[in-house]
Amino acid sequence: MTLLTEEQTMISDMAKGFAMKELRPNAARWDKEGNLDRSKLEALGELGFGGIYTTEEHGGSGLTRLDAALIFEQLSRGDISHAAFLSIHNMATWMIDSFAHDQLRAKYVPRLTATELIASYCLTEPGAGSDAASLKTTAKLEGDEYVLNGAKVFISGAGFSDVYVVMARTDDGGAKGVSTFIVDKDAPGLSFGKHEDKMGWRAQPTAMVNFDDCRIPATNRVGDEGHGFKFAMAGLDGGRLNIAACALGGAQDALDRAFAYVQERQQFGRAIIEFQATQFKLADMETELAAARALLYEAATKLDKKTPDATKFCAMAKRFVTDTSSKVANDALQLHGGYGYLGDYEVERIVRDLRVHQILEGTNEIMRVIVAREMMKGQV
Amino acid sequence: MKVLVPVKRVIDYNVKVRVKSDQSGVDLANVKMSMNPFDEISVEEAVRLKEKGAVEEIVVVSIGPQQAQETLRTALAMGADRGILIKTDDNVEPLAVAKILEKVIGEESPELVILGKQAIDDDSNQTGQMLAALLDWPQGTFASEVILEDGKINVTREIDGGLQTLSLQTPAIVTTDLRLNEPRYASLPNIMKAKKKPIDEKSPGDYGVDTAARLSVVKVTEPPVREAGEKVEDVSELVTKLKAKGAI
Ligand SMILES: Cc1cc2nc3c(=O)[nH]c(=O)nc-3n(C[C@H](O)[C@H](O)[C@H](O)COP(=O)(O)OP(=O)(O)OC[C@H]3O[C@@H](n4cnc5c(N)ncnc54)[C@H](O)[C@@H]3O)c2cc1C
Chain G
1 MTLLTEEQTM ISDMAKGFAM KELRPNAARW DKEGNLDRSK LEALGELGFG GIYTTEEHGG
61 SGLTRLDAAL IFEQLSRGDI SHAAFLSIHN MATWMIDSFA HDQLRAKYVP RLTATELIAS
121 YCLTEPGAGS DAASLKTTAK LEGDEYVLNG AKVFISGAGF SDVYVVMART DDGGAKGVST
181 FIVDKDAPGL SFGKHEDKMG WRAQPTAMVN FDDCRIPATN RVGDEGHGFK FAMAGLDGGR
241 LNIAACALGG AQDALDRAFA YVQERQQFGR AIIEFQATQF KLADMETELA AARALLYEAA
301 TKLDKKTPDA TKFCAMAKRF VTDTSSKVAN DALQLHGGYG YLGDYEVERI VRDLRVHQIL
361 EGTNEIMRVI VAREMMKGQV
Chain V
381 MKVLVPVKRV IDYNVKVRVK SDQSGVDLAN VKMSMNPFDE ISVEEAVRLK EKGAVEEIVV
441 VSIGPQQAQE TLRTALAMGA DRGILIKTDD NVEPLAVAKI LEKVIGEESP ELVILGKQAI
501 DDDSNQTGQM LAALLDWPQG TFASEVILED GKINVTREID GGLQTLSLQT PAIVTTDLRL
561 NEPRYASLPN IMKAKKKPID EKSPGDYGVD TAARLSVVKV TEPPVREAGE KVEDVSELVT
621 KLKAKGAI
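Protein chains in written order, with this note's numbering: chain G, 1 to 380; chain V, 381 to 628.
Since the hints were derived computationally from the structure, they do not count as laboratory data.
Don't be surprised by glycine CBs; every beta carbon is placed ideally from N, CA and C.
Heads up, some of the hints might be wrong.
[What the hints assert, rightly or not] If we take Cβ atoms under 7 Å as the criterion, some of the chain G residues that face chain V in the derived model are:
1. L3
2. E6
3. F18
[To be verified] 16 Å max Cα-Cα, derived EDC-like pairs, lysine to aspartate or glutamate:
4. V:K577 to G:E6
5. V:K573 to G:E346
6. V:K575 to G:E6
7. V:K577 to G:E7
8. V:K576 to G:E264
Please construct the entire structure, taking both the sequences and the accompanying hints into account.
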């Protein structure tokens with residue numbers, strides 16, 4: 001592992017301690033019941049995890065992207081679903097803190113960093129997935145209010161969260177016509193669809209968010225009109241690292257479980273770890289996760305230093321780490337034989353949870369689009 | 381009131397301990413180390429007393445290698461105010477630890493010293509008691525509750541057969557048991573603040589204490605591997621088997 005500073009080691013140890021004690025023993029139950037545990041999110045907020053890389057002015061922890069990656073990696077060893085949900089909250093909180101005017105920041109950020117309020121990120125629409133800039137939800141200024149019309153789909157935390165960071169169109173003209181807004185859960189004209197029946201991330205709700213003449217104060221616009229798409233993409237650079245870190249932690253948990261299992265399971269008169277095929281598989285899994293981790297930390301460090309190739313590295317890390325993590329988790333399932341297919345052993349949950357990391361916050365194909373585009377720009 | 385909390389860096393409680401092949405001790409190379417869990421409980425108790433307003437300053441002290449500084453930082457992140465690192469690469473036995481602490485106490489004049497009842501590496505369970513004897517201070521060991529009241533320290537102790545409550549005059553020594561409290565996680569802001577809290581560096585020589593070993597370890601061995609059990613169908617089969625083995 002990269003040599004960490006003393007503080008980074010402490011931070012990572014603390015996150016791991018919380019994950020092992022407060023999250024991991026409950027992960028299977030949350031998956032079954034389809035519940036986010038608000039009390040755990042509150043406890044995480046008290047520890048400073050509500051705004052990890054948000055500035056300290058309004059209660060953020062003011063840490064780096066690398067610190068955040070270390071934290072999400074460890075939290076996800078306890079429960080992928082809660083860790084990833086918290087990562088989206090962190091991304092939305094950071095966007096408000098970074099781009100909203102001071103009054104709006106002062107109103108929302110202190111309660112968001114404390115996880116008194118939970119935020120969702122609303123970009124995807126039924127007709128605008130990978131091509132997010134083609135979004136159609138509109139926001140029209142009427143007096144001192146914006147009136148929103150349209151629908152968002154696949155919104156993590158829809159109906160659960162208190163605050164929705166919404167990308168909507170204030171003007172025609174593709175990406176440049178998009179603005180960002182904060183919509184409170186109780187805004188008139190806001191409603192939520194039914195919870196989607198999903199493969200993984202079952203502890204958290206995913207649903208449509210509908211805007212029918214939804215009225216919000218004009219002061220709830222984040223930054224200037226027309227800058228919204230830029231904000232949304234800036235959020236995603238860090239968001240992708242978090243999603244990758246969560247995948248890595250989940251895969252590590254799967255490997256830990258498999259490593260313990262193969263030492264116990266006896267076949268042909270010996271523990272299955274005695275077979276060299278098992279040892280080679282474990283060695284590959286360990287190596288692949290180490291390589292993924294190295295790329296993730298490198299990308300996070302580049303984003304912290306705002307290097308010109310940071311966006312490319314974030315996309316490369318998101319693609320490589322999430323693909324590798326899914327592969328390793330699937331290998332961990334294989335090492336469990338038939339038991340891996342059973343809920344009790346929890347590896348199948350990890351495989352299910354990790355699948356979406358290859359799809360959301362930009363599919364892994366879109367990551368390749370970004371990497372190739374940056375290469376062609378000369379940022380090699 | 382000022383409280384002193386000694387903390388020890390030990391092998392992490394999650395680590396599967398391996399004995400060195402020459403039986404001279406356990407293998408510490410590449411092994412995760414952490415604060416002794418009983419000492420975490422001591423730090424937590426001191427921080428709670430401070431939060432209640434009964435304590436003004438918490439000083440943590442560790443005797444060990446340079447890396448024991450990390451253990452002190454953890455205590456500072458939990459809420460202690462400053463640290464003293466007494467640097468040595470030797471294995472310091474409980475009596476020598478108690479003698480060094482006696483000198484530290486002479487300089488710092490705390491009214492309360494909270495120690496873990498034992499460290500999970502050697503399980504000696506001696507330092508607190510030896511320290512109380514050296515100082516001729518009252519001691520409340522194996523505390524499951526500590527209450528400060530009218531200049532007295534009321535300590536509920538876990539003893540065979542139940543609980544005993546002692547009332548100690550200050551200054552006093554308290555050693556902590558597992559059920560005293562549940563240590564907090566240090567928050568991210570407190571971890572960052574801990575970086576700025578002072579840690580003094582000293583050596584055992586500064587206190588004029590000879591830490592040379594008085595005991596020699598003959599050998600360290602792994603506990604015998606637990607043998608597989610035998611399953612029985614019912615009680616009568618169990619009784620028959622036990623009789624056959626001469627157990628009853
Ligand atoms: C559980 C879950 C939670 C989510 N949470 C959120 C959320 O909180 N907020 C939010 O805004 N969104 C969220 N999303 C949405 C997610 O970001 C989108 O699903 C994703 O961006 C892909 O969009 P799409 O589903 O419309 O797929 P499409 O864009 O229709 O893609 C379909 C396929 O075509 C490929 N493809 C598309 N364009 C190209 C191209 N140019 N080159 C090569 N291949 C291409 C894709 O890679 C994919 O394989 C969530 C999704 C899921 C499943």
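Holds or violated: K573 of chain V to E346 of chain G, with C-alpha atoms at most 16 Å apart
Violated. K573 of chain V to E346 of chain G sits at ~38 Å, over the 16 Å cutoff.
Have a go at the E6 of chain G hint: is there a Cβ in chain V nearer than 7 Å to its own Cβ?
Since the shortest Cβ distance to chain V is 6 Å, the answer is holds.
Under 7 Å is the threshold here; is the Cβ of L3 of chain G close enough to any Cβ of chain V for the hint to stand?
violated, 14 Å
Starting from K577 of chain V, check that the Cα of E7 of chain G is at most 16 Å away, please.
Since the Cα atoms of K577 of chain V and E7 of chain G sit roughly 13 Å apart, the hinted pair holds (cutoff 16 Å).
Interface hint compliance - F18 of chain G to chain V, C-beta minimum distance less than 7 Å:
With a minimum Cβ separation of about 6 Å from chain V (threshold 7 Å), the hint on F18 of chain G holds.
Holds or violated: K575 of chain V and E6 of chain G, Cα atoms, limit 16 Å.
Distance ~9 Å between K575 of chain V and E6 of chain G Cα, so the pair holds.
Pair hint K577 of chain V and E6 of chain G, alpha-carbon separation not exceeding 16 Å
holds, 14 Å
Against the 16 Å threshold, does the CA-CA distance of K576 of chain V and E264 of chain G hold or violate the hint?
Given pair K576 of chain V, E264 of chain G is violated - Cα atoms ~46 Å apart, limit 16 Å.
The structure fails hints 1, 5, 8 (numbered hints given earlier, in ascending order).
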